[in-house]
Every structure is written in structure tokens, then in C-alpha cells.
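The chain contents come next:
2 protein chains.
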Amino acid sequence: MFATGFGMLAPAMTEERKGDKITTRAEDYPQWYQDVVREADLAEPAKVVKGCMVIKPYGYAIWEKIQRELDTRFKATGHQNAYFPLLVPQSFITREAQHVEGFAPELAVVTHAGGEKLEEPYVIRPTSETIIGHFFSKWVSSWRDLPLLVNQWANVMRWELRTRLFLRTTEFLWQEGHTAHATHDEALAEVRRMLDIYGAFAESVMAMPVIRGIKTASERFAGAVETFCIEAFMQDGKALQAGTSHDLGQNFGKAFDVKFQSESGALEYVWQTSWGVSTRLVGGLVMTHSDDAGLVLPPRLAPIHAVIIPIYKNPDERTRVLEACERLAKALGDIDLAQDGARQRDWLTVQIDDRDLRPGAKFYHWERRGVPIRIELGPKDLEKGQVCLKMRVDTPAATGKQFVPEAELVATARARLLAYQDALLLAAAERMNTRTVQLDNWDEFLATFAGENSTFAWCHWDGSAATEAAIKAETKATIRCVPLPGQGPAPAPGRCIKSGAPSPQRVLIAKAY
Amino acid sequence: MFATGFGMLAPAMTEERKGDKITTRAEDYPQWYQDVVREADLAEPAKVVKGCMVIKPYGYAIWEKIQRELDTRFKATGHQNAYFPLLVPQSFITREAQHVEGFAPELAVVTHAGGEKLEEPYVIRPTSETIIGHFFSKWVSSWRDLPLLVNQWANVMRWELRTRLFLRTTEFLWQEGHTAHATHDEALAEVRRMLDIYGAFAESVMAMPVIRGIKTASERFAGAVETFCIEAFMQDGKALQAGTSHDLGQNFGKAFDVKFQSESGALEYVWQTSWGVSTRLVGGLVMTHSDDAGLVLPPRLAPIHAVIIPIYKNPDERTRVLEACERLAKALGDIDLAQDGARQRDWLTVQIDDRDLRPGAKFYHWERRGVPIRIELGPKDLEKGQVCLKMRVDTPAATGKQFVPEAELVATARARLLAYQDALLLAAAERMNTRTVQLDNWDEFLATFAGENSTFAWCHWDGSAATEAAIKAETKATIRCVPLPGQGPAPAPGRCIKSGAPSPQRVLIAKAY
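So the protein sequences, as listed, match chains A and B.
Residue numbers for the first sequence follow the numbering used here, beginning at 1 and rising by one.
Residue numbers for the second sequence follow the numbering used here, beginning at 514 and rising by one.
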């Protein structure tokens, strides 16, 4: 499929505005992140609306691809989308004690509407457990109504003090799944099912390896009995909580009176779950793969898969070369990247860049946007019946410029893209694994997390909130999760790295976004 | 594709709750509408949030199909999606004089956030011309940056006094296109292009015929130079404004200082457009096709295309019949309804209803949900190698129950669905045409619009706002639009139905939602 101009929205913001260089990661990692987001034209701070951002077309196209992939998986597991009100009566938030404690400080409040002061203020949803709990109580009356499996794609608002594009903004876009079940076992199975979907999505689509685990009590969602999470490794060694799946127990069922008559006739509260991922994933994507030249994107989430750059010196060459470019673009646009058995097609998107700019400026432009394949085509290539192909990032399978016979381009491009997807995951996993450590000594721990330093550290912990708080206070590192089976080192008892008290297994510690 | 339980969300809300009958249209049209929406499980009033609704899974699935169809058309015409902040600084709204006059009475205002009173309040976007104008001013500097073609799928809020599910709610979902151009001509071409897309979508996808026209000054979007619209005919003779496309001139360009250097080097304000449709379309869909038995859906927007109802008397029959149902469902689910040349597939969605209910209760259930095809299958049909097929609404091509050889089911189902789509459009057009009148006499006009009566009336109008206001005051009927060429009777001069003054052509008058 032909792209419709992604990333060419505002030329004034690219080649013609000099000095927009990308700081290296080594020099200043946070600045590098900002530079990559800006130069790839993904988003910009709204400024006039505190802590908000504008998601620009190229960034939004990535989010749309994330949505499509996840939505397909949610529906395949029996969930249905619905839409609940943006505004929540303020009193709803207070009904669940932990919930109000967690969210009250971050609420935006509507006090006036239609020219009048409201009798009861509304808050803009920071999350929708309360308002959805209210409707569940109207919809559920019998065990036959269960399970109730609902998801919502929506905007939410949390008034944060320190914000950062995609990673933490006052308004963000997300999906929030909300389900109700007849038994705790069924709810727990749902929590694990959705965590599995998040984990598989992160790895197979985002090419971002994650550690699956359980949050400690202090990091739990406000109102949950247990929070499961996936944690991703960013290139500065920090962790990104990339998705969470909550066992809500009967907490919201009790707060909103969601009761049902069981098969045996007893009146019981439902067991609920909620789970969500947000536009923060785009930030995680940037920080997992990008390099000092700018954005790097896995093909499954790239708005443009291939850019074709015509090379010519005069009008006659231009005509011939462009004609060939159109032919290549058409052939490439008919490549279906969908996996075997997929019910929908996933067309390769290609763009010809025929702007009046030097080829070098165009290379630079698309490199910073992370387009996986660059194709150059000039008169000499035409004569030889070949094209010059280069992947955005070298991989063991394909390094630098390669000349491919035109007749083989379609097969080569498809194979290269699929291999590139795998190569990015492998490279990210290798970075994470190489930099993951096991620490057993507090001085070593302090050195590891000195200053802004961070990495993934598997350490013994005595299980106490006091120790957890002491570690955080002294180093800013936090317990990211207690790993699920198969994640991290095999469980074995040891001594807490901080207190020396007994510990049943290692937990994952890192600084976090 | 197998459906995942749409419309089976809450059995307690259907068969088991007696007395939820559908009022006839003749008896009480507004009540009929509410009953159809409730019985099809499309949405319900939020109640705890003033004027808001919950869009339930079956209703949201229709909205998703509307979104997919429109989004494809927007992208094919070069538009890109983006996302702008929900909150707008209150001062932004006041920058364009007409705009603030139109929207100020309907604003919801955020005065507190993060536990503190805000220095400047924010309003929840009622529409986004102002905040998007602000960003356009940052993105546009040269003619090379134009046209800028952006669309946003979002929620908006307008504090309305009288609300009605889908048709008018304080919060609603919509898309808003915003574009900037170098010349007025280009902007006008965009305005017309998008009106054409809306019109073609309404007719070919929603099977809802529309009149394309231009709003009078009093019905214009607050801040627009000209508003183009599509108006649809509801079964009670009222009009529904189903989509609008605005020529904003340079109004917002001047208010937000969106300037560019033209090719000749002059500094000029951009010419802008905006255009939108909302979840109100779902209400229009309901009121265009549904009947006294409940919802009727055109196949292109139906979440479920076919339901299979097994008929059996004992466990042995059940086993054999269900096995055959699964076989039929699989075959039907492999039907691609996409039009020739479509880049994506549009799978037929089928559901087997094996709930422990009488077949009659199931017929009733799916009829009220507007599923186009009902298939019954019992032991006798199995013996004869046939199935019993019935369309939700009789059409000239297919009336009542018909027996189809199983071997022909796939071809028959596909052909029937495509014919049904066309038949619904034809039937709706016939209703509109039959009930559209030309009036030239004020007494006749008064009789036509007496009480709650309405229809589509082509009348001469003298072009003055005073006459327009007098007509509205006396009859509640309004000028829906001045028709575009080819819409309504051929233009010919005449005398205003109210004032008798000269008129160049007839305009469309009706009461409206």
C-alpha cells in the first residue's frame, strides 16, 4: 500500500530547520530520548495544557498499529469493546478505600458546566473501575451473566508533577479491560491470560523482551489484591512497567454492590479483574530499539516499511528512474506481511521520496524515522536490473548496502523484514541479558545504582515493606517484581541483600520510569 | 468469523425480564426509539453522569464498523490521524467571536487539578478548532507545509439540556477533520470532498439516503464561513443532520495566527476546514431502518450477519444438529463480503445460539438485534440436506422462510446479504421520496407541520433570517439546507412560502433532531 505522506507532514520541521541534532545516548540519555521523539516527529509537548502532549501523525500511526494488534487478541479471547463516561461522580472514587488514597492526589475536577456550578463535582476518569463497577452492578444478577468481559479504548487523566513524552503525561490514551467472574479462580485465570497476551505482544510485535512478575504490596494498583506486570529493559538500564493485569478480588464488587445469584442459589459478590496498556508503550518502543541516529522500528509496528529514493542528475534520468520507482513501489505494496493463518492482511507500506532534496538529506530524514528498508535507485541500477537495498540497522543477516536483482526484490524485502523483526528482538534480549546481574552484596548494590546508574539486578529480599522502602530511599531503585516461574534465575533461598534476613527467592530490582 | 457473544452479554436483560416490549412507531415514536435501542442492547443512559450514555458492546461494535469504513476513506484521500489534548485553555475559546458565542453555554469546566485550584481553568473540548489552530500555527510556516490534512477520533463534551441516546448526549464520540490550505479554492474543494465522502458513506454503507446542501447563516457552525451538511430522513418525517463539513475561511487562521509564506513570498493566513460525524449516526441508523419488531441493520454495519438456531428434541438429535451447525458456521465464516478491489477482507460473522431457550425466544432475541440472516436447522432439514433461511426484513428478492440446499448456502447467503444491503437503501429512499412534498401555500405548510408532524418539504424562502425565524417560531420546522445541484427539485424561481417575497430556489424544510 502506498503511504500517504507520513513523516512528511512538515518539511519545515526537518531538513530546513538546522541544528536539530540527536544527542548521543552516552552524552545525555534523557536528552537523547527527547531528540529521537522530536526528530522522528512522533509527538510534542502541548505546553499550553499542563503535562499533555500532541501525538503527531507518525507517532499516532504507531499507536494505531499497537491498537489493532492488541484489539485482535482481546477479541479472540472473548472480550468486547464498550464505552463508559469520561466523567465520574467524585463520590464514586471514595467508595474503595485504597483506590481513593492512590488516585485522589492526581484528579482533575469539573466543578462547572453549562454555565452553572455543579451540585456534585465530577472527576475526569483516572481509570474506570468505579464507574464500570457501577454499571456491572446493574448488568449482573445471575451466574448466567458471567463472565462479563469488557474492554474500553479511551483517554484518561492523572495530574502528574513530572511528565515526559509518552512515558508519563497527564492525559494519555490506553485500553482498560474490566471483567467480572463467578469465582476467584476464574478471575485469576483471566488475570494471567491477559498478562500472557501482553507479554507475547511485547515480544512478538514490539520486539521488546519483558520479565513477567508480581508487584510488591507497595507497588500494587490502588484497590487491587494482586498486580501482575511486564517489565521491560530500557537502554539506560532502567525498567519500564509496560503493562499491568490486576486481580481486584471482591474489593470493587463490594464497593459497588456487584452481586449475583450463584448456581447453588447463594447471593455472592463477583470477582473482578482489570488490565491495561497505554501510549507509554510507544516510549518503551523508542527506548528499546533506537540508536544515536534516531528511531528504530520493528516492521510489525512501522507506519512505513520501505522508502524508495530516486537518484538522478537530469530530467531524462528522472523520468526513467521515477517510472521504475513506481513499478517497484507497486510490487512492494502487494507484499502481505501477515503471519500464516491471519484473518486480515498486513500490507507492506512503501513511500517514494521525490522531494527536491539531496539524496543524503533524504537518507538522514528516513533514518531518523526508523523506516526499516531504504531502497536507492539510479540510472546505473536500472541498466543492471538491480536496486540498492539497506536496512535501517545492520543485523548479522544483512549489513550495509546490498545490491539485489529487481526480479528478487519482492521476495528479498519480505524475508529481510521478517528477519529484521526477529533480529531486533534478539538484539534487545542480548542487551538485557548482558546487563542483567545477580547481586549479593550491599556495597556492590550501591555501586551498581550510584548516581543515575541502573541495570536489572536479581537480588534476595526479605519480603518486608520496610526493607523495600529503605532500598528505595537509599538508591532510588525499586523492586520491579517478584518473578513468575520461568522468569529470571531458578528460585533458591538466600539472604536479603539489605537486611540479611532469609529470602525464598530473588526479585527484580531496577530504577524505573 | 465466529462472533464472541455479541448481544448475549446479559441474558437477564432479555428473555428473562418480562414486559420489555417495543412500543409501535404509530403509538409513540420517541418511545419506540428508546425501546429499540434498549432491546437491541445498544446503549443505556448513564444517569449518574448528566446526559451521558454507556455504549454497550453491540452498539459499540456498530460504531467500530462505522469508524473502520470512514477511516479507510479518510486515509485514501491523504488524511492522517493525530491526537490533541482533551483540555483546552478557557481563553482559547474566546479568541474567535462567533465560536465563543456558540459554544460558551455548553462548556464543562475543569477548575481544580492535582489538589489545587488552577490559575486558568480548562474546558473539556466541545470541538477542537481552537487547540488545533494553536498547533497549526507552530507547524505551518511555508506553502510547502500545506495542505495539512489531519483527523482525530475523540470524545467531546457539550452540556446539553435535553439529551437522547446517541442523537444528543453531553459526551459523544466522533471524528473531527482539520485541514489548512494555501488558497480558499483548495479549502473549498476539501470541504466538498469530505461532504462527498460522508454522502457516499451514508448511502452505500449505512443504506441511508441523504440530501446534500448548505446551511443557512443561523444554522452554521459557530466560526464557519459556510457549513455544508448531509440531512437524512427519519421515519417520523424529521430530519437528522448526519454530518457537516465547514469552510472556516481565515477565521481561525487569524484567531490563532496561522500564517505561511506563499510561493510568491507574501505572508498569508491559511484557509481552514473542519468536518465531523459522530455516534449520532448510530441513532440515525436505528431510525432509518428499524421496525416495530426492533432493530434492522444493513449488512455492512452488522456486528453479526447470520445466526444459526439448532432445532432438536433429544440429546441424540442435538448432537447431530449441532455438528451440522458448526459445519455451516465454518463455511459461512469464510465468506468475504468485501467489495471487489478492497485491500482488506470483510468476513461474514456468524453465531450459533445453543442457549437453553425455546427456538421462538431465540428468534425474538435476534430479530430485536437486527441480525440480517436467520438460519434454522433441525433433524428433518439434515435428512433433506437443506437449511431454513429467513432475512430479518422481507425484500422483493426474499420473503419469509426459504429452504436452501446446504450445498448452495454459502453462495446464497452472500448474494442475499448484498441484495439486502441494496434493498434497505431502496426502501429507505422510497420512504423518503414518497413522503417528500413541495409546498407553496402557508396554510398547507401549517397543516403539514401541525403538532408533532413533520416531513421533508421543498419550499421557496426569501433568504432572510427574519422569515426563517418566523417559520421556526410558528411551526418548529427549520430550514435544513439549501440544496446542492442535483439534490431536490430543479432550481426555479418562485415566491417565499411565508413572506411571498421572491425566491431563487426551493430549500429543504423539516423538523429536526
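Please keep in mind that the hints were generated in silico from the structure rather than gathered at the bench.
Model, not experiment: these values are computed from the prediction.
Glycine is no exception: its CB is placed at the ideal position from the N, C-alpha and C atoms.
Treat each hint with caution, since some may be false.
[As the list claims (entries may be wrong)] Only part of the chain B face toward chain A is listed, based on derived beta-carbon distances under 10 Å:
hint, residue
1, K563
2, F597
3, A617
4, T792
5, Y1026
[What the hints assert, rightly or not] Here are some, though not all, of the chain A residues that point toward chain B, as calculated from beta-carbon distances under 8 Å:
hint, residue
6, Y83
7, A113
8, W159
9, R162
10, W347
11, E408
[What the hints assert, rightly or not] Where chain B lies over chain A, by a calculated footprint (3+ residues, C-beta under 8 Å):
hint, stretch
12, 84-98
13, 105-111
Hints violated by the structure (listed by number, smallest first):
Hints 5, 9, 11 contradicted; others consistent.
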